[in-house]
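Student: If you're matching them up, the sequences are chains A and B in order.
Under our numbering, the residue at position 368 of the first sequence is numbered 371, and the numbers go up by one with no gaps.
Under our numbering, the residue at position 157 of the second sequence is numbered 160, and the numbers go up by one with no gaps.
I should point out that these hints are in silico values taken from the structure, not numbers from a laboratory.
There's no promise every hint is true.
It does not matter which identical chain is meant; a pair holds if it fits inside one copy or across any two.
Under the rule of at most 30 Å between Cα atoms (straight-line distance), these lysine-lysine pairs were calculated in the BS3-like manner [claimed, not checked]:
#1 LYS690 to LYS418
#2 LYS752 to LYS75
#3 LYS267 to LYS158
#4 LYS27 to LYS70
#5 LYS68 to LYS27
Number of protein chains: 2
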Amino acid sequence: MHLEYIKPNPWSIIEEGWNPEHVKSSESLMSLGNGAMGQRANFEEEYSGATFQGSYIGGVYYPDKTKVGWWKNGYPEYFAKVLNAPSWIGIKVKVNGERLDLHTCVSVSDFRRELNMLYGTLDRSFKATLKNGVEVSVKAQRFLSLALNEVGAIKYSIKPLNQDATIIFEPYLDSGVTNEDSNWDDQFWNTLSVTDDEDAAFITAHTMKTNFHVTTMMRNRLFIDGREITLSRKHKTKTSYQGAIGHKEETTTYIGHEYETDVKQGETFTIHKFGGYVSDLNHAKENLQTASTIVLNTAITQGYDAMLQAQKDAWAQVWAMADITIDGDVKAQQGIRFNIFQLNQTYTGVDSRLNIGPKGFTGEKYGGSTYWDTEAYCIPFYMATKDQEVARNLLTYRYNQLDKAIENAGKLGFKNGAALYPMVTMNGEECHNEWEITFEEIHRNGSMVFAIHNYERYTGDYSYIVEMGMEVIVGVARFWRQRATFSKAKNKYVILGVTGPNEYENNVNNNWFTNYIAKWCLEYAFAKAEELRDNHKDDWKRITGKTKLSFDEILSWKSTAEQMYFPYSEEYDVFLQQDGFLDKELVTVDKLDKSQRPINQKWSWDRILRSPYIKQADTLQGFYFFEDNFTTEELEKHFDFYEPFTVHESSLSPCVHAIQAAKLDRMEQAYKFYLRTSRLDLDDYNKEVEEGLHITSMAGTWMSVVEGFGGMRVRNNKLSFEPKIPDAWHSYSFKVNFRGQVVKVEVAKNKSTFSLDSGDDLEILVNGEKCTITVAR
Amino acid sequence: MHLEYIKPNPWSIIEEGWNPEHVKSSESLMSLGNGAMGQRANFEEEYSGATFQGSYIGGVYYPDKTKVGWWKNGYPEYFAKVLNAPSWIGIKVKVNGERLDLHTCVSVSDFRRELNMLYGTLDRSFKATLKNGVEVSVKAQRFLSLALNEVGAIKYSIKPLNQDATIIFEPYLDSGVTNEDSNWDDQFWNTLSVTDDEDAAFITAHTMKTNFHVTTMMRNRLFIDGREITLSRKHKTKTSYQGAIGHKEETTTYIGHEYETDVKQGETFTIHKFGGYVSDLNHAKENLQTASTIVLNTAITQGYDAMLQAQKDAWAQVWAMADITIDGDVKAQQGIRFNIFQLNQTYTGVDSRLNIGPKGFTGEKYGGSTYWDTEAYCIPFYMATKDQEVARNLLTYRYNQLDKAIENAGKLGFKNGAALYPMVTMNGEECHNEWEITFEEIHRNGSMVFAIHNYERYTGDYSYIVEMGMEVIVGVARFWRQRATFSKAKNKYVILGVTGPNEYENNVNNNWFTNYIAKWCLEYAFAKAEELRDNHKDDWKRITGKTKLSFDEILSWKSTAEQMYFPYSEEYDVFLQQDGFLDKELVTVDKLDKSQRPINQKWSWDRILRSPYIKQADTLQGFYFFEDNFTTEELEKHFDFYEPFTVHESSLSPCVHAIQAAKLDRMEQAYKFYLRTSRLDLDDYNKEVEEGLHITSMAGTWMSVVEGFGGMRVRNNKLSFEPKIPDAWHSYSFKVNFRGQVVKVEVAKNKSTFSLDSGDDLEILVNGEKCTITVAR
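So here's chain A without its partners, still in its complex pose:
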């Protein structure tokens, strides 16, 4: 654990006391998002201390030119990067001519921030003494509207405490922004127009290369002690150099409205700032100005308080479905709510063009927004806590990128419609450039199909497979068929030169997980082909026509699957993570000196590679995905063999282990894994929270509770539970949306309660026994 300053609280993330060293961490932890946009918890007023400024718009990205040490054929020339967007939250404050800046104030006291997860609001308050002797008290509240997802609202108040003072608010927009992680210091934005319209202002800019057009907007209201006032304003602008490299021009990229008034000691001067973005993702380019005027009008007509109430209502709706309560362990409670809150801030599921970025709207790191994390870790959360349309949208996202996946496979030499989904992407194109990942971590392709299976299994909705999914399944099956090669020496199909989920092995042969998911995909594709041929004749005709699929090809999937090779040790009676695993020095992690950890910071890459240490579940990931194909005894044997070598240096590792430890009745271990996953960012285990949060692994935390402790599975179209509870907890509860019905599960020591909100009776399995839940009437 690296940080411990966040106060334990069931519904809020609270920082108390002024510590400049926490600024960047809190900026990450208290980020706000509404699915369409988001931003780090940067201060509204100027701050000259260390800060990481960031504001992001879902779906708006920049293809940054690839930077590598040594070029390899097949690397993408450009890749899509999360883009720091023009800033709209800023309000410069001057008190008797001096800038308010916490970094330069004489003293700061009563500093407090609270991210209120129940309401989706960020509050901040402090007292400060400026160099000119004026003491002020400041309160700021901000939220990004869930209901009106193109706007956010800020209420910012200042009160002079020891004297009357002349105070200036200068709310502003600024498109002169850059990315900290730009590869070549490109300018990502080009500003087209800056418009000033009474109490509103607009900056229209487009991204270079991708040419997304975005209007950033603001409109402001002023109050003294709650009474609205009108002040004349000065118009302020600034310029910066923008445009393509070699063609930069000095452009106006800043507009501020300066409001000055005399405020008596004890009086409160308040500004309501409404702002945000409209973009050509959702409006015609030529209508952006009109659209932004309309949306600002809507906001200002509602007013701050009504918008705030709508925000609380919207979050109440989210929590009504998604909340997990934990009684008796406030840090665990805070952890799980933080995870659920951030997942909902990142992705609301209404737009199939968007996905769940690994840092959400909390930082720039990692190009692209979509990893196999979505399919492997996130879909269960969204399936169970949202309408099933949301998970379907996530699947549709991949269907829409199938052509690019086929193109991507083509670059690596695969033919006839074989599809390889990229490791990281924004628009379907690959955004990663380490050969051992980009070209070799191909197991990701299996997750695309697993997610389809998982969706069908959970929702019972077959229509996605018929309408879109089968084409994805065919593309992926074709890939595996070609990628598996026949070894005469083994008389089996082998898959050479891969990186498994455990990225601490590169370019290995016959990674068990990869071979297994490949075999499974081929079998699944064969089975679905048979089903469609028998039961959906017209659709099957359309699909085989479009994909030019022959019966011989389908048969070849089956025979390849049947002859797939799996490395296995007779001595240990376990499958081997890959060929040659037993040649390693098998020293378990507990024998490693603490000074050597985390090994990814202490060891050179070759040393990591030849060690037996596992970054995240690999063989066990397969036992998680395909649990029903193995006995509990087999799971136990593999868990006992592999977990001792696992260093869990991926945020995606502890959740799978928590689920499996719980299944094996090792509740103490399961609880330890749970804490590690749920408070990863709050406690900053990996010393990197300043860069942003680990959003996708948060879905794993949810799985730890629901699938781990709750033991939830879907078996033969029925929900099944095997509830367990960690010693430290009195009770916990969660809800899942299962095929239109909401099942509430409450687990206490020695007692579990299942209830339904509405609808017909529902038969479920509890510890293997059939039970029927009836709606209380």
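Knowing the structure of chain A, use the given hints to seat chain B on it.
Tutor: This is chain B only, laid out in the frame that chain A set:
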């Protein structure tokens, strides 16, 4: 073959006719060097067409900040880069006010360049018509003095052909130069002073970070029709921005002397320009100006013609020892001389701080100057064609960098004085940053020891081992002892996670070559330790004291070597290149469609890795190094197994195969490999000659003739030959310096002649039979 414009000629590289598309290729092919400095064959006069300007100083480098896509622990933060040095060869020419520039002339005729390898000179001549209608004829000759290795000389003449003309020569120095391959567009040089002194000028500049101080100099003489004249001159300067990033300042970085005179139609105006570098590698910083004045004085006192004669004499001395004649095959003759010439231009062996850069003085590509190429490919050439001190200097270079090699191993987690020599280096520090090479291509470490063995075997000089070599042997043995780990599964020592000489396999287990050279090093270290303990007691005490070497440790080397694992196939009765090689789809290269080659340009990296295709000799490299440990039948079996999978996409591959094919009496195949290695650059097989030449592989060409066709070996302190001759040749000859005696070998069809220049009778082996060579008196 890509290029065919070079005229076949036994002693010269000749280009005839003006073709701007050949400029960059010829700039590489006709590069000049004298071991201390070198430069591409850039024109003296201005040229506004496509050109790659380059001038280089041996031992002067810049640590460029590393550029990678994804950082891995252990990567060097900076690495040493071959540095484009201030230019001294330039002479601007104006004719009636118009610049002479072949790119803008109305017409160019009779263009001819010749790199005369017998004399070490570069000649160029052409006729050109300028836009102003003046026709001129130009002759230029240039050389870099072998005798006086800080200077070069240029004789540049112009004759107006169709009218009288006013002609300006502006010889200049320019330190405002940059590298084309700079990672971050750093300025590598900072100019300290520009000095003007009558007919001479000096620019003193230092490299950023490494702080090498270099004075670039020139002094000029003018002639009309051979009569020296004196002209008043105008002083010209230019500025550029230099200095550290963020602190650049406008600095004078150019000085020219403008000489103007009226030249009558048919008269010849000539300039002799003497120039070059003195650096603080060889002089005290504060004396650079004095040193440069002295060296220029020496040159100018001798005069151009005397210096030229000295140059011819010096090259005659080189050729007297190093020449290989081939009768009946002018292209083969030209090829071998080109290789020998470039090797001698690159490294003369007088300075143990220098080494044999892979591009010599012909281009910037590749950071660092020293690869395992030196130990594996170059040492035999320098041993046989130079005084043995030269090879000893190359060994000493590594001894001097032993501390850095120990530091380098430490970064990768090795202890107790284990040494890992870098993959690429300038000063002992690693200059490469691909993990699969930098950290894993560790077989290079074995070559350091093999070269010591090779040197001892050839020269009989044991003193290097006693004085320096044993410490290197100990460091390397310690590395192998620690790097080999014990596999319980195999009950053997294994070496996991390596890249062998065949870089088309990465991170493999038990690469046969690596395991073999590791075992060999351990055994050799054990044997040398025993010898020193028995025969050099005092030295042994010093060495064990310094290295803290215990008897137990030495014993552990032996036991590790004895238990080393080697992958082997019973089916094919061959050692396997690495574990799992037989799992590949074993389709031979001849079955590959031509459109797919070279695979390193056509295929993505993963596809190359999982293919069976071999970039350069790997298992066969081991059979080359350790030939005596295997029977010819074993060699044949391995050659027949591996060569069909070898694509020879490394310049270092064909030579080893030529030697082995010759040994196996496959002369047609051997000849094919020979042509590929000897004319690699002249015919531009790899379509990259514009970037510079493949210097180190040129030593492999020499080996192809001497060890391949000549069958030369050293066995029990005796030279041994098994001469063979390709069908296309009438005869060939070479000389080798063996322990102070020069043996000349002449091979004709069915007849070989061996002769000695001087000294005692020498017993040699010819086709296994003892013969005695006597000096003809």
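Student: Next step is simple, just say for each hint if it's right about the structure.
Tutor: Do the hints match the structure? See the list:
1. With identical chains, the CA atoms of LYS690 and LYS418 are at most 30 Å apart between copies only, with a shortest distance of 29 Å across copies and 44 Å within one.
2. Neither within a single protomer nor between protomers do LYS752 and LYS75 lie at most 30 Å apart by alpha-carbon distance, with minima of 57 Å and 47 Å respectively.
3. Only within a single protomer do LYS267 and LYS158 lie at most 30 Å apart by alpha-carbon distance; the minimum there is 20 Å, versus 88 Å between protomers.
4. For the homomeric pair LYS27 and LYS70, the shortest alpha-carbon distances inside one copy (27 Å) and between copies (27 Å) are both at most 30 Å.
5. For the identical chains of this complex, LYS68 and LYS27 are neighbours both inside a copy (28 Å) and across copies (28 Å), given an alpha-carbon limit of 30 Å.
When held up to the earlier numbered hints, the structure conflicts with hint 2 and nothing else.
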